[in-house]
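Residue numbers (mature numbering (1 follows the signal peptide of the UniProt record, and there is no 0)): -25 to -1, 1 to 258.
Derived from the structure by calculation, the hints contain no laboratory data. This structure is a prediction, so every number in the text was calculated from the model and none was measured. One should not assume that every hint holds.
DSBU-like, lysine-lysine: derived pairs with alpha carbons at most 35 Å apart [to be verified]:
no. : residue 1 : residue 2
1   : K167      : K219
2   : K147      : K108
3   : K147      : K167
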Amino acid sequence: MGRGRFVVQFSLSYLVLRLFSLCHSRQQYYDGNDTLDDDGNRALGYSCIIGVDPLSCDSFLTFRTDIAIQSFQSIFEIASLLNVDAADTAAINGVHDSRLSLPLPEDQPLLLVPATCSCSGGRYSHNASYWVKAGDTYYLASIGVFQNLTTWPAMDDANPLDVPTNLSIGRKINVPLRCACPAVDQLADGVKYLLTYVVGVGDTVQSLARRFQVDYQQMLEANNLTVASRISAFTTLLVPLEAKPTKEQFSLPASPFLPLDSVRIADTDIIVKVSVRVIIKIP
């Protein structure tokens, strides 16, 4: 009798864990406009669970040199800002080591940035830091300096002792940059890397799939989108890659961004959030 109860309990526990794992193995959810809100957990970053998802992985970010503020115009400056290796960043973008400290050419508006992505506190991130300057707030730093690779709620969460609208000049703050590792089912499908791309004005999932030479359906699934879904400028989209991206994929003209002084209210869609609760009753 005791053994039978043990088998049943073990089977149920295994079933629950297996169902949980399968459910969570689905790809990340597109952040939509949650990056602009203060009440959505997705604004804190892409989710991860220890024991289910990879703890760390190689990933890629994108950084636009055509709208970067004056302090971040060279590979060395951008690598320092994003806490990545300057030589690796230069190599993947076809920039010679001798030009690490020189401004990037105007015909290279989109920079590819290799970054290590790690799971901590239920969220993936690549951790950078930033020294506060006069007039800085989390919001202005997230959109102006870090080009929406992070969000002000994520910065607020990473710096619990600071006041978001009254930051001390010269203080070093933590900046969690948005990234993710491929889920189990993505790895099985051959996806090796996820690239974090900040959507520009006029971008669509289909146009970005063509640009990065990835399957359109796979691109939708990587962000839990459908063919009817719309994406908004200044939000991040994950691009699933089966191999390291190349400079050629970034040689095409990048979609335009609005000037920083125009970035106040992004072009948004209305999103209806539906919460589904599944209850399993066992007699």
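Results for each hint:
1. K167 with K219: Holds, at roughly 8 Å.
2. K147 with K108: 10 Å, holds
3. K147 with K167: Holds: K147 and K167 sit about 33 Å apart, inside 35 Å.
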